[in-house]
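The lines below spell out each chain.
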Amino acid sequence: MEQPSLVGLHQLAFPAPHQTRESVTPRAERTYESLYKETYPFLYTYSRRRCATTADAEDLVATTYLIAWKNADAFVGADFPLAWLYAVANKTLSNHSRTRRTHLSLDVWLEANDLSEAHGTEAIVEQRLALEMAYRALERLRNRDQGLIRLAALEGLSHEEIAAVISSTEARVKSDLFRARVRLKDAYTREQKRRQGKNASKGPGDD
Amino acid sequence: MTERDPFDILRENNPFDPSDAPDGESAEALALLARITATDPRKPLARPLRSRLALGFFSVLLIAAISIVWMRATDVQGVVCFDSPNVEGTRVGVRPNADLDTSNCEPLWSDGVLVNPAVAEPGSVPPLIGCVTEDGALWVFPSDDPATCEDLGLARLESGQPEDAILVFQARLADLFTDNECLEMEGAEQAVEGHLTELGLDTWTVVAQPATEDRPCASFSLDVEAEVVILVPIIMFDD
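Here the protein sequences come in this chain order: A and B. If you count the first sequence from 1, position 58 lands on 57 in numbering that gives the first Met the number 0, and the numbers rise without skipping. If you count the second sequence from 1, position 111 lands on 110 in numbering that gives the first Met the number 0, and the numbers rise without skipping.
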């Protein structure tokens, strides 16, 4: 008999940040291949956001799906296959990050949002500055807080969904994420003050 | 400068959109799918699929770690037996017995599951040395060289050393959930807490998700980093 996933949670919705996700194939019709094709763009995007380079992101996608292949019963039988994949990818990264930094660089982030130095309107300059400070603030948080913020802000997951990814409970995620957001705000405020102080110490013509 | 929530700033400037990603029917996705499904899922990963993320090196660690999270308790593998003193060699995961030492691998050698004429005659047990990985798994290699673990970048498991409490805890959990066809959540919680107390794992906590009518039995996952045991409800199996 096939073994189901250990994660027995209630029905989750996974609205993608920028598009409406189609309904997942009914469990009885699922195969590894069908789930692979359904989840591919979401796992790819998740990996692209978590890795420093496209090559690393593609490696992470390949690693994750390979692990899914070796554990096909659990993957196909999971209540929430995408959460299952995110958890595997998350675990892969946390095991790997001890030896190697795997974060998307600020430059790539800015470029992806058309906020690089090449674009010079005032509104874009302000937006770029805000993103830079938010990015630096995020980097100052401990890994767990960063992970929670990324899952919530970038993947658009609910508390229940995040709990499924990191094998926690909804209640704990809720409180941990709240604290993480407070710390992020503190770090952002400190970053603002640091820049204001830096600008104030510059005289005319220093640029 | 306008005060904005940095959380919203990050969300609004999300760098990548799934609609821009290759879809599951794209050439690159299908090519990867073909490579993956061409591999035997029972065998260790083949070299062509090894990646910059050091897939081969991490694969057993990951599968051992992930199996604790995602598989039934029967699939927890705290001990891995190798056929040569080489982390790239053929390996077999075993559910540990009460003694977390090299004896877990002896039956594999004596029964001919592991064979390597370079270290021992088929059917005989070579000298075995136990090494401990960073994640607390016990890897057992055929070798009488005391420097083997160090050479492989692992810690040595010395005989007579106090057993790692977490390894013992994992073994006890495996026994607990496999010896019981359907352990109810309350009983599982009490039993797990009892083991934590006995082993002095005072900083660990147990989080039990509520059982439901269709998922009355308990199984577990471990978050070793956070020191949390999560009990999750699963269905009762009719084998």
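Hints were generated in silico from the structure; no laboratory data involved. Hints may be right or wrong, so weigh each one.
Label-pair ranges, simulated between beta-carbon atoms [what the hints assert, rightly or not]:
id, chain 1, residue 1, chain 2, residue 2, range
1, A, 194, B, 204, 36 to 42 Å
2, A, 141, B, 22, 47 to 53 Å
3, A, 196, B, 37, 42 to 48 Å
4, B, 226, A, 113, 41 to 47 Å
5, B, 85, A, 192, 20 to 26 Å
6, B, 19, A, 128, 23 to 29 Å
7, A, 53, B, 204, 38 to 44 Å
This one's a predicted model, so the numbers in the text were calculated from it and none came from an experiment. C-beta: ideal position from N, C-alpha, C; glycine also.
Results for each hint:
1. The given range of 36 to 42 Å is respected by residue 194 of chain A and residue 204 of chain B, whose C-beta atoms sit roughly 40 Å from each other.
2. The hinted window of 47 to 53 Å between residue 141 of chain A and residue 22 of chain B is violated, with their beta carbons roughly 35 Å apart.
3. One distance hint, 42 to 48 Å for the beta-carbon pair residue 196 of chain A and residue 37 of chain B, is violated here, with the actual separation near 59 Å.
4. A hinted range of 41 to 47 Å for the beta carbons of residue 226 of chain B and residue 113 of chain A is consistent with their spacing of about 44 Å.
5. In this structure the supplied range 20 to 26 Å is violated for residue 85 of chain B paired with residue 192 of chain A, their Cβ-Cβ distance being about 54 Å.
6. For residue 19 of chain B paired with residue 128 of chain A, a C-beta distance near 25 Å keeps the hint of 23 to 29 Å intact.
7. One distance hint, 38 to 44 Å for the beta-carbon pair residue 53 of chain A and residue 204 of chain B, holds here, with the actual separation near 39 Å.
Figure legend: structure checked against the earlier numbered hints; hints not met, in rising order: 2, 3, 5.
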